[in-house]
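Please model the complete structure; the sequences and the hints are all you need to start from.
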Amino acid sequence: MFHLLCKTCTYRATIKFKHVVQNETLLKRNPMHGAWRRSFNAEHACLESRALPLVHHVNYICDLPENHRFPMGKFPKVLESLFRDQVITDKQVWAPKIASKGLLGCVHTEEYLSNFIGGKISEKDQRRTGFPWSSGLVQRCRYETGGTVLAGEIALQRGLACSTAGGTHHAFPGYGAGFCLLNDLAVTATHLMGVSGSKRKILIVDLDVHQGDGTAFIFKDEPNVFTFSVHCGKNFPLRKQQSDLDVSLEDGTEDKEYLSKVQEHLPWLLETFQPDLVLYDSGVDPHWEDELGRLRLTDEGLYQRDLYVLQTVIKKGIPVATVIGGGYSRDIDQLARRHSIIHRAASKVWREYGL
Amino acid sequence: MDISSDEADDWFMESLNTYKDLHVFQLEHPTKVIEWTGDKSICVAGYTGAKSEILELLLPLKLYAGDNQGLCAERDFKVQRGGFSEEPVECLIHIPGTRCVVTSGSSSSTLQIWDIGGDDSDVIKRTGVINLKSTSGKGIKIAPGLTDDPTVLHGSCISDVQLTEIATGRALYTVGNESLDSVSGLKFVNAHVFLICASNGTLLMGDTRDPLTALYPLEESKSGLHWSFGLRSDGFQSESSIVARLSSSAHILLSDLRDLLSPICQTQLNVQHSPPNNDFLKVSWAPVLNSCLSVSGFDGTVHVYNTTDWSTEAQIPQPIFSHRGHEMSHDAKYSGSPAVVTTHSWHQSRPNTLLSAATDGSLHVWDWVDIIPDR
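So the sequences go chain by chain: A and B.
Mapping to UniProt numbering: the first sequence position 22 is 22, numbers consecutive.
Mapping to UniProt numbering: the second sequence position 261 is 261, numbers consecutive.
Watch out, some of these pointers could steer you wrong.
Label pairs and their calculated CB-CB ranges [said to hold, decoys possible]:
hint, chain 1, residue 1, chain 2, residue 2, range
1, B, Lys51, A, Glu271, 50 to 60 Å
2, B, Val288, A, His68, 18 to 28 Å
3, A, Tyr308, B, Asp6, 33 to 43 Å
4, A, Glu254, B, Val288, 32 to 42 Å
5, B, Asp148, A, Phe70, 47 to 57 Å
Going by beta-carbon spacing under 10 Å, a handful of chain A positions derived as facing chain B [to be verified]:
hint, residue
6, Cys62
7, Pro65
8, Lys91
9, Arg128
10, Ala177
11, Pro237
12, Leu238
13, Arg239
14, Leu292
15, Tyr328
Derived from the structure by calculation, the hints contain no laboratory data.
For clarity, every value in this text was computed on a predicted model and none was experimentally measured.
Quick reminder that beta carbons are idealized off the backbone N, C-alpha and C, glycines included.
Right, here's the structure in full:
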């Protein structure tokens, strides 16, 4: 008991120490703010809440043509599922600011951003993304990116934070693909890495069933960001990029083997790379019922995976921000429930580690 | 045609909106036959190995889940039963109303009779053989008889076409025509009337109650072309049946059964000519969609056309849908040669659903989204 208390104290101390250092950095970058004012990119901040921070925005969704395959309705339903099961209350839900053009410009090209925001994306490029362009679409993508950025900022201060969206890892600097138009993980990592002096090191753990090709490409020459992707080899994209570490799985891989692959790599990555922050894409498309994924994980398998990742990272005193990643099903309620697995695992870990 | 990964990725994204359903299966050995054995089951058989496997497959249940797709995750074809054939299987037909299947192979002059079994068995057993006199060495084409008594119509050239009773092996009818033109396909129009298509495009119509047959050669016969045909199975409404003939140069002729000498129309399709294997040429009519037919065998694509506006004037019709899935698969990319569609078949009741198979062993069932408003 005493040993455990000591451990927890040491852990808290570690986090606090890191946060103090980082707060100073934040302050340095925002001299106009007061001594202890946190500069979050938030429209609504739950500064008083001591519960697991969740990041959500009503503008995470937009209208799509009837029968469009992208399950847009899942974002609000993830939150609803968590409220209904009393996993969270609204007092812990933060709302992000829309990602500014300046923020996005650290990853995306000026030309692409101008075309994307201005509605000048060609028919062919629109088809490649899977979405018909609309101003609503632009807005939702920017809010989604803002959400991931905010989750990262909160995680640095509180140790753990979860968005109810995010994981748009197929977006490249100059174009979108595979339902991804802006790369939220890349924008977040670049923003939180810092611009000069001692940069933060960011580890991106991408367990979506599709390779995080956009993110891999963006950071291929960046030593401060490590991209780790576990995916199904035969799934989209056929044209793969090279992450810092790619683990390609066979069709039909099940819970046990999947988890063992993650367990094989995550601890040594944390040990050797020593990140200051982990961004975790907990995509649920490795599930056997997913319409596009070719693996065979179960609900329990996803839960054990998420618990394992969160516990392993937090045990080492490293903050982690999560995004929901991909999931495709025509049963939106079931899909939303699946996406909420990460938030349930995070709640458990939040309590377990006294964050 | 060499498909790049980028093109395949683009096609994948588009397919999410252009198909309502698309289920992909990989057979260990490719098939050139897809034959319905029930509402939700098909038979396929290998043609590449010395010993070939015959499989009865259940279609992915997810296809039938309709709006309740979320309740049914089963999106794989399920192997129900299997058996082994001593020779590569060229043709396979199901005898309606029975659990009997007949095959012909490339190396012997026999027809094999199989029992595909019931719920209590997962084995497809050979129950009999029909020995044939002809040793022409060319493939024997087969078609099920439409009478109550199980029979099979078969032949490799017009002169040896015969109707045989399956239970006894007794020859019930023989075509009284000496033509040595090789048969590319044959089919019963109703219980007694049948149609044979020769590889040179000639049609022969006969009646099993009448020894005389009528021959309808092509008006302008171009040598070197191979023809195959598709007859819309209207059951007993044979009066208005239309026959489609497809040549290896992608020419299509549509003729009314009542007047086979003068085609209703002919047209040239815009597909790559000279198919790698004439056996793969397939043209078939949609059972539900009016006036729609499908074509495959030239490459890795299945094209669907609406023939309503076709006329005798020169035109190149555009397909209303093209299934490129066999060209785009991961396996197709990494094998030596591009996949070619070996056969395809329409679903009997679902309007936009087809099955297709290719030389790389892929087997697809697909239901495309109709973008043309009314038909």
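A quick look at each hint next to the structure:
1. B:Lys51 x A:Glu271: 50 to 60 Å: 54 Å, holds
2. B:Val288 x A:His68: 18 to 28 Å: Roughly 26 Å apart at Cβ, these two residues keep to the hinted range, so it holds.
3. A:Tyr308 x B:Asp6: 33 to 43 Å: 35 Å, holds
4. A:Glu254 x B:Val288: 32 to 42 Å: 39 Å, holds
5. B:Asp148 x A:Phe70: 47 to 57 Å: 52 Å, holds
6. Cys62: 17 Å, violated
7. Pro65: 9 Å, holds
8. Lys91: 32 Å, violated
9. Arg128: 5 Å, holds
10. Ala177: 7 Å, holds
11. Pro237: Nearest chain B Cβ about 5 Å off; hint holds.
12. Leu238: Because about 4 Å separates Leu238 of chain A from the closest Cβ in chain B, which is inside the 10 Å limit, the hint holds.
13. Arg239: At about 4 Å, which falls below the 10 Å cut-off, the nearest Cβ of chain B leaves the hint on Arg239 of chain A intact, so it holds.
14. Leu292: Holds, about 8 Å.
15. Tyr328: Hint holds; Tyr328 of chain A Cβ to chain B Cβ min 8 Å, cut 10 Å.
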